[in-house]
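Which chain is which? The protein sequence lines are G and V, in order.
This note's numbering puts the first residue of the first sequence at 1, with every later residue one more than the last.
This note's numbering puts the first residue of the second sequence at 619, with every later residue one more than the last.
Among the hints, erroneous ones may be present.
Claimed, not checked - Derived DEER-like restraints, expressed as beta-carbon distance ranges:
#, chain 1, residue 1, chain 2, residue 2, range
1, V, 782, G, 49, 53 to 63 Å
2, V, 901, G, 412, 19 to 29 Å
3, V, 919, G, 406, 42 to 52 Å
4, V, 691, G, 335, 23 to 33 Å
5, G, 335, V, 906, 42 to 52 Å
6, G, 142, V, 892, 42 to 52 Å
7, G, 612, V, 909, 53 to 63 Å
8, G, 411, V, 795, 32 to 42 Å
As the list claims (entries may be wrong) - Keeping only pairs whose Cα atoms sit at most 30 Å apart, straight-line, the calculated DSS-like set for lysine-lysine is:
#, chain 1, residue 1, chain 2, residue 2
9, G, 612, G, 509
10, V, 894, V, 922
11, G, 170, V, 816
12, G, 191, G, 392
13, V, 894, G, 392
14, G, 572, G, 509
No wet-lab data here; the hints were simulated from the structure.
Glycine is no exception: its CB is placed at the ideal position from the N, C-alpha and C atoms.
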Amino acid sequence: MGDPRTIRVVVATDCGSTTTKAILIEEQEGVFRQTHRGEAPTTVEAPFADVTIGVINAVTELQELSGRRLVDDEGRIIRPARMENGRPIGCDIYISTSSAGGGLQMMVAGVVREMTAASAKRAALGAGAIVMDTIASNDRRRPHEQIQRIRELRPDMILVSGGTDGGDMKKVVEIAELIAPARPQPRFGGKYELPVIFAGNRDAASAVRDALAVPGIALSVVDNLRPTLEQENLGPARDRIHDVFLEHVMAHAPGYDRLMAWTDAPIMPTPGAVGDILQTIARRRGINAVGVDIGGATTDVFSVFSHEGAPVFNRTVSANLGMSYSISNVCAEAGLDAIMRWVHLPMDDRELRNRVKNKMIRPTTIPQTVEALVFEQAVAREALRLAYQQHKEFATTLSGVQQQRTVGDTFSQSSGGRTIVDSMALDLLVASGGVLSHAPRPAQTALMLIDSFEPEGFTTLAKDSIFMMPHLGVLASVHERAAMEVFERDCLVHLGTCIAPRGEGREGKPCLSCRIEPVAGANGAADDGSGAAFSGEIPWGELRRIPLAEGQEASARVEPVRGVDVGAGPGKPVERRVRGGAAGIVIDTRGRPLRLPEERSARCAAVARWMKEIGAID
Amino acid sequence: MTVVHPPSSAVPGLLAGADPPFLSCLAWDAGAPWLLAAAGEAPKPFLGFLDPGRLWLLLLLAIVCAGVVACIGLARSGRPMKVRRMPALDAVDEAVGRATEMGRSVLFVPGLMDMNDIETIAGLTVLGRVSRTVAEYDAQVEVPTARSLVMTAARETVEAAYLAAGRSDSFNPDLIYYVTDEQFGYVAYLTGMMSRQKPAACFYLGKFFAESLILAETGNAIGAIQIAGTAEVSQLPFFVAACDYTLIGEEFFAASAYLSGEPDQLGSLKGQDVGKLFAASILVVGTALVTVGSILGPESAPAKAAAYLVGEILR
Chain G
1 MGDPRTIRVV VATDCGSTTT KAILIEEQEG VFRQTHRGEA PTTVEAPFAD
51 VTIGVINAVT ELQELSGRRL VDDEGRIIRP ARMENGRPIG CDIYISTSSA
101 GGGLQMMVAG VVREMTAASA KRAALGAGAI VMDTIASNDR RRPHEQIQRI
151 RELRPDMILV SGGTDGGDMK KVVEIAELIA PARPQPRFGG KYELPVIFAG
201 NRDAASAVRD ALAVPGIALS VVDNLRPTLE QENLGPARDR IHDVFLEHVM
251 AHAPGYDRLM AWTDAPIMPT PGAVGDILQT IARRRGINAV GVDIGGATTD
301 VFSVFSHEGA PVFNRTVSAN LGMSYSISNV CAEAGLDAIM RWVHLPMDDR
351 ELRNRVKNKM IRPTTIPQTV EALVFEQAVA REALRLAYQQ HKEFATTLSG
401 VQQQRTVGDT FSQSSGGRTI VDSMALDLLV ASGGVLSHAP RPAQTALMLI
451 DSFEPEGFTT LAKDSIFMMP HLGVLASVHE RAAMEVFERD CLVHLGTCIA
501 PRGEGREGKP CLSCRIEPVA GANGAADDGS GAAFSGEIPW GELRRIPLAE
551 GQEASARVEP VRGVDVGAGP GKPVERRVRG GAAGIVIDTR GRPLRLPEER
601 SARCAAVARW MKEIGAID
Chain V
619 MTVVHPPSSA VPGLLAGADP PFLSCLAWDA GAPWLLAAAG EAPKPFLGFL
669 DPGRLWLLLL LAIVCAGVVA CIGLARSGRP MKVRRMPALD AVDEAVGRAT
719 EMGRSVLFVP GLMDMNDIET IAGLTVLGRV SRTVAEYDAQ VEVPTARSLV
769 MTAARETVEA AYLAAGRSDS FNPDLIYYVT DEQFGYVAYL TGMMSRQKPA
819 ACFYLGKFFA ESLILAETGN AIGAIQIAGT AEVSQLPFFV AACDYTLIGE
869 EFFAASAYLS GEPDQLGSLK GQDVGKLFAA SILVVGTALV TVGSILGPES
919 APAKAAAYLV GEILR
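Excised from the complex, chain G in its bound form:
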């Protein structure tokens, strides 16, 4: 890989399960911009069984659109970028992510489910894996059931943790003794050795090595991810997962050996790359951020929240919450009543059930009528709400830690395992996934995000319209400035800013007074008059939209009534700069937690009023 200062043109691909997406990033007038995009079907499965064919097809589309020759006659990506016969050819670096073939599928194990096993799960999810199951000594399953489970799931990799350094050995070795007889068959290749990473009690490493000294298992030992219960050390385990992903999993997937030879940076699992770019943004801007990617089968939620002065990254995969394959599960888990509370139009229950099942068996269909769209967006709200709830329950402080008390704690004894996700502290909420990215109106995306995540205080809303974050995650590891510039200018489509007070009040009673005055935009753009100034009181139960175009900023001063908090404490005013977007500034005084009217006709009227106000419907 060359010097980052010499990089001018970047080609990045993301090999998904069905589509391989390629983007071209070029330096223009000293600033990196994403200029073109191409895509082609992924070719990891038979009859092609070679991922590079799909990559070359996607990059070929890119070269046709850009006019820059990127693929040579032998079907390889041309490097470095240069001029040939007066025409630009090639790129300086080529990078890629992959989630083809179901991505990286892992099992994790630990002694106690809420302690070392939870840490192992955080390490695996943070590295971009899908955690198929968690084995723990207190998971209430018998050993033969655990062995059967390992055998059935056939993971790509197993991460074993357990015991603090100098702590428990017996149960750690028992876990290893479960894996040895299970001998799960690999998904790829007959000669594949199942990688097992041990990141537990270092005193138990030799005993674990003895227990796993059987053919078909490749053991590697890294530092304990919980050396003490007060400390979590996920870095070495995550790095090792990346290495093993490349050495074992990718090397055995069809065509990946060639692809690995082409790339100028290690191939990353797609969710891992998304997590990396979100962490980079949070670190560079000093903000708390949440990203969500809602797919057909799963919903990924990523978060970076500051805890005790350090940013903490968490990722969860809600395996049964999605908009097509998993739509029935969303309906079952949330309940049809919960979904229907977001629907303001009269709909027949039988027709809805048919609609759900049709979506499940024909996952690529898109809504053809307003009713179908409203219903699909209602399902999305519930899927997102449940996924965020699961994320909050997972992203917690460490459990099993000794507390230090004073007599002042008599009536407020907080416990370990508290969520670190604080909606009031959230600064940026980024959405991706078909139902959010391709909603007919940006206001619909904004409203779906507000209804499901219930942000409090000041929160900037944005969407990643073409799911570029994975590419930028890998690019950040090579050229951070380029990744940040593309992220700011081309990746995010800003929807606007949501201002929402924490608390509840009776509808119509005063909630807050607000003054908004547009100023020069974030990128130096002058106020073009598309942003309207606003000054006035807003009562409880309202959803008010104040237009402010993308690229513009406004100065907002919000004074809540006594007992209501918008970020500075109950009753205290807040003055901040807010960013505009396609949905403008949305002031949400519906209260937190968000409660809709119980009575059906009142609820429908309220939902319709809010949708109209924000511009989601006419």
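Since the structure of chain G is provided, determine the placement of chain V on it from the hints.
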């Protein structure tokens, strides 16, 4: 000897304001003589079926009992009974988990008193839950006791918990043993044992006196998660300051209902809360009446109402 002026209604035929033909040398109750006798006669006690002066008390008792019965009925009918979170009880899993990860034992101290003490009984209720978690996590719980009867009861409690968890084979009765009846002999043993074995989780649930701080400080020094619970008010500050979690007074007795989640126990707990709420509201009303009465004078309606409340209702 005190000359009293009983109310005319108290003795048939007595004229109001007339010189009393009575001599009272007897007990007083709420400012009124309860036994009167004519001069020269010996007082004759009698047993009444109902003391009409205490009808109010009967009414209050009926209200509290009705509250308990109604709440039990509601709980049985499936109505959710919200009990506020008790971090000390929620932390049992965390404490036992810590011991499991660190490969160390769990120490349970049921206090100094015998089985006739309600706090010891409440402590053993929690021991049942702790040992069940210990059995599920395949850890070890050690219960040194200061009373032989407590040892027997604790053994049965722990054995039942292991059986319920399906791990009866892991139950070791030798880990539940008697040390000494002597307060400081017991404490000396415990602190020595804690310093040597360094249990990762310590539970102090029962009746504690001067040893509370010694135990809690030792546990804190060895880095254990500590959960304490006692109704002994003078020891609570020490436990709160030195332990991770503390069950305070009534919480300790509510633990059984909180842990079991059984409708009868939860309903009973809620019913008691209704009674407490009722008592508290009487206190507030009484205080307000006395305060206003003292401002307006003794002949004012609030003052008379306060006197009636004290003299008749709460008699």
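Hints versus structure:
no., hint, in the structure
1, V:782 to G:49: 53 to 63 Å, "holds, 54 Å"
2, V:901 to G:412: 19 to 29 Å, "holds, 25 Å"
3, V:919 to G:406: 42 to 52 Å, "holds, 48 Å"
4, V:691 to G:335: 23 to 33 Å, "holds, 29 Å"
5, G:335 to V:906: 42 to 52 Å, "holds, 48 Å"
6, G:142 to V:892: 42 to 52 Å, "holds, 45 Å"
7, G:612 to V:909: 53 to 63 Å, "holds, 56 Å"
8, G:411 to V:795: 32 to 42 Å, "holds, 36 Å"
9, G:612 to G:509, "holds, 22 Å"
10, V:894 to V:922, "holds, 25 Å"
11, G:170 to V:816, "holds, 18 Å"
12, G:191 to G:392, "violated, 40 Å"
13, V:894 to G:392, "violated, 37 Å"
14, G:572 to G:509, "holds, 18 Å"
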